[in-house]
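Below are the chains, spelled out letter by letter.
Number of protein chains: 2
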Amino acid sequence: MVQKPLHGLKVLDLTRVLAGPYATMILADMGANVIKVEMPGRGDDSRAFGPFLPDGTSAYFASLNRGKKSITLNLKKEKAREIFLELVKTSDVLVENFRPGTMEKLGLGYEKLKEVNPRLIYAASSGFGQTGPYREKPAYDMIVQGMGGIMSITGEPGRPPVRVGVSIGDITAGLFTVIGILTALYQREETGVGQMVDVSMLDCQIAILENAIARYAVNREVPGPLGTRHPSITPFQAYPTQDGYVIVACGNDTLWEKFCRAIKKEELLADERFATNPLRTKNVEILEEILKPVFQEKTTAEWLVILENAGVPAGPINTVDKLFDHPQVLARDMLKEVITPAGDRLVAANNPIKLSYADTNLNPVVPALGEHTREVLESLGFGDKYDDLVAEGVI
Amino acid sequence: MVQKPLHGLKVLDLTRVLAGPYATMILADMGANVIKVEMPGRGDDSRAFGPFLPDGTSAYFASLNRGKKSITLNLKKEKAREIFLELVKTSDVLVENFRPGTMEKLGLGYEKLKEVNPRLIYAASSGFGQTGPYREKPAYDMIVQGMGGIMSITGEPGRPPVRVGVSIGDITAGLFTVIGILTALYQREETGVGQMVDVSMLDCQIAILENAIARYAVNREVPGPLGTRHPSITPFQAYPTQDGYVIVACGNDTLWEKFCRAIKKEELLADERFATNPLRTKNVEILEEILKPVFQEKTTAEWLVILENAGVPAGPINTVDKLFDHPQVLARDMLKEVITPAGDRLVAANNPIKLSYADTNLNPVVPALGEHTREVLESLGFGDKYDDLVAEGVI
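Protein chains in written order, with full-length UniProt numbering: chain A, 1 to 395; chain B, 1 to 395.
Simulated from the structure, these hints should not be mistaken for laboratory data. Warning: the hint list may mix true and false statements.
What the hints assert, rightly or not - Within a straight-line C-alpha distance of at most 25 Å, the following computed DSS-like cross-link-like pairs (lysine-lysine) qualify:
#1 B:K137 x A:K265
#2 A:K322 x A:K282
#3 A:K137 x B:K322
#4 A:K137 x B:K258
As the list claims (entries may be wrong) - Covered, in the sense of this in silico footprint (three residues per stretch, anywhere, with C-beta under 8 Å from a C-beta of chain A), are these stretches of chain B:
#5 245 to 258
#6 325 to 339
As the list claims (entries may be wrong) - A partial selection of chain A residues facing chain B, derived with a Cβ cut-off under 7 Å:
#7 G129
#8 Y134
#9 I143
#10 E210
#11 T228
#12 G381
#13 F382
All of these numbers come straight from a predicted model, not from anything done at the bench. The beta carbon of each residue, even a glycine, is placed where N, CA and C say it ideally should be.
Sequences and hints are given; from them, build the entire structure.
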């Protein structure tokens, strides 16, 4: 009963670096048979991103490409395209994150591929999408974070902008791409045909802007950065303690009451400036001046005990090392080893989707460049041409 | 041919506020028949979150719950649970984001519901997951952002921590929940039975930490915040200009060369401190001192033209208002109106997944609390009991 939920799903993977590989990583974790097509000799750009493991494998590449197969094909060569089209015939899904137009220039655009395989789901993840005036502009996560608004509401008021510390532009595009692929697979059960999935990093940034759009749409006030504060809930932020910070999240008036009693500031409950959440938000700076000296009296650990005992949502700001021995992270098996071709081991984030009747854990095997080329060629009947294809630079 | 890809999919939606409603919003945009079950008289907590439209509808609620149906059921009442179980019988998917144990206390846990409907996919999105020592702790986005590491790598070095300006803890959990549901639906085609999808906000934060985990796993250096900088690519950050900021993203040595020529600093190409990306990253502070005065010579708009003409990826830092007339956002139809029960209109982010043979645009109709209760009760054969059920506080 416990098997991989997407076992048997064939995915042809032309992706590089992050947004696309993140999408096919999730598909691979779920059991899809992902064949990663890489450029002979060089491979995915991220194979060159440090830091490296002792055997020379990029840690970045390893964590994103576990559980995939790697074949090499130089798609600029006619023979490589012939082999590629054979793979398309038997694939359910193709994923690429080239700049729009790249596949068409190779003669491998969706219009061509659907003639070869009408059931193919062709997913393209790009910076700005397959349409619109920006479609051919170069995009990196950083560009999209700046253009899409998230950087304008992240950081401290009056200070320089900051980037979200992870490549959220790439990662959300990867997640929406997976949703698009699985939705198209659902629809294919009914229609029998595939379709094109077009996901843009910029569009995805708009889609995650949450209440910033609603607030601007209603009151035309341009949202700015608020440090650790929430725009409309108070107190809901980090306070400096004797030795660090503690986050307090009072989402409603009941929690506000518990909070005031827990920190022994019951007098605030009678203060009409703080009687409701909208009032507390309006008077947030006055409240902060009152609370600051209170929090500096104890350590973060002491405050966490006090607030937890009072039933007030609170937490620390963990650095990444803290996650490696965090009891909940360990209990959920969220950090697992992946294994490089030479047997080096690296801790990576596991798949966060837990299914009751299916195995969704990452498959730890990281492929060497072209490790599966011979096997895949043999399955297509090109096995006897392997040496010639190497000599010609096709694989 | 062009229809909603998930049309016919029946989703029973018990979610509140953000992570769960974000997941069912995507399902509704894709055409699923989402029946949102709310508490009589009060409804989803987010109906009380400002700002409000003229008719009193919360803009926050409206943007997340467009295209869903709303029924009221007080699940603490026996008769409400009877009606609920009738709905479970005909549903494909149930989504809830209660604290673990809540549904069991109501006698509506997954073990019970799967007896009623073995094909049901039961998706639970929670702060810490259904297992582990933290399972019953209260969680808000802010707590999870702090605990999961992302806050420790977002912000300026040496300055206080900052929150990612959107509720990325909730939103990524919502996205992974959708992926879990669609994966379980895919597997159900083969097995004929449903299963439980268990997604934790904290797990999802680990899953998006990207190279921060790989870097720590390899070199045991704890990653910290870097302002707008990328940890391993240089130059890849925002520089202050005469009137704002410009983001520059030189992802490889070719772009570095184009960049130096574009800003008329060809001498940097001969400087061995900057000869490779690892060297530029090592000497990033020296490089920044050289580049700072250069960027202050011109405006952001001027730099964008110069860098674009040179083929160097670059971009502005847009505030949210800029998105409302951004040519690419408009071309991609990423901002669309939703319509409240009284006919008020509000701009919201559209679904970013574009499918070639299906309509994935948001359905703009926002439900009033309990607007569809009568219709749904009638479909279940309880229509004649409507007034009694209201009187008893069941609906």
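> So which of the earlier hints does this model not fit?
Replying inline: 2, 12, 13
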